[in-house]
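Asks: So the sequence lines, in the order shown, correspond to chains C and Y. Residue numbers for the first sequence follow my numbering, beginning at 1 and rising by one. Residue numbers for the second sequence follow my numbering, beginning at 1 and rising by one.
Rather than coming from a laboratory, the hints here were simulated on the basis of the structure. These figures come from a predicted structure and were not determined experimentally. Nothing false has been slipped in among the hints.
Pairwise CB distance ranges (calculated): (1) His79/Y <-> Glu17/C: 45 to 55 Å; (2) Arg38/C <-> Ser86/Y: 19 to 29 Å; (3) His26/Y <-> Gly40/C: 14 to 24 Å; (4) Gln3/C <-> His77/Y: 27 to 37 Å; (5) Asn17/Y <-> Glu17/C: 44 to 54 Å; (6) Lys18/Y <-> Gly53/C: 48 to 58 Å; (7) Gly41/C <-> Asn17/Y: 26 to 36 Å; (8) Leu111/Y <-> Gly40/C: 19 to 29 Å; (9) His77/Y <-> Pro113/C: 40 to 50 Å; (10) Gly53/C <-> Gln54/Y: 30 to 40 Å; (11) Ala78/C <-> His79/Y: 42 to 52 Å; (12) Ala78/C <-> Met15/Y: 48 to 58 Å; (13) Glu15/C <-> His79/Y: 42 to 52 Å; (14) Met15/Y <-> Gly40/C: 23 to 33 Å.
Using N, Cα and C, we set each Cβ at its ideal position, and we do this for glycine too.
Chain by chain, the residues:
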Amino acid sequence: GQQVMQIPQYQHVQEGEDFTTYCNSSTTLSNIQWYKQRPGGHPVFLIQLVKSGEVKKQKRLTFQFGEAKKNSSLHITATQTTDVGTYFCAVPDSGGGADGLTFGKGTHLIIQP
Amino acid sequence: ETGVTQTPRHLVMGMTNKKSLKCEQHLGHNAMYWYKQSAKKPLELMFVYNFKEQTENNSVPSRFSPECPNSSHLFLHLHTLQPEDSALYLCASSPEGGAQHFGDGTRLSIL
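Bound conformation, chain C alone (with noise of 0.2 Å):
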């Protein structure tokens, strides 16, 4: 099946400092997902990306897709403690459709004040 690698596992930053974290798959994707799991809770949705060079803002995240449609990142400008959590990108388990998400290992934001 589909596999995508997320880096990196884990980043501390300071509360005010900018966070990125990047996904890379092998093959060209159709779309790509972002989800946020806050501790003790659920992977919440994001965003989805679909065209290529795709630029989307949400307040202080910024999620980016690729010219060719193999990588994405998601940045956060000024890091806040409400960011805390970990931040998954996903991508179709195959060919479009009602079709189950692979997930990358996720990557843990660890924000110190």
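Knowing the structure of chain C, use the given hints to seat chain Y on it.
Replies: Okay, now just chain Y, sitting in the frame of chain C:
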């Protein structure tokens, strides 16, 4: 409140027990999913149902048996589980190709 409800929230069972996990979604979605999340591995897709029909079984051992009686309900029947099956089991639903909405999960411990 996510619109996806899972019960029970916690379950402790012996290896010879039979139990079932339940998931119910109130979002009108056509697709439902079971995922396993353990400490050492990323979220793993187990089963996919679309319009009540199983469309994917990700090489899951037969001691896990899913059931989808209608588009709103999904069960995971458990039988003769192993200690390595201890994990958080997450149910999700989605419109076709859209964002997945997860329940709070069932934390399963096998003694």
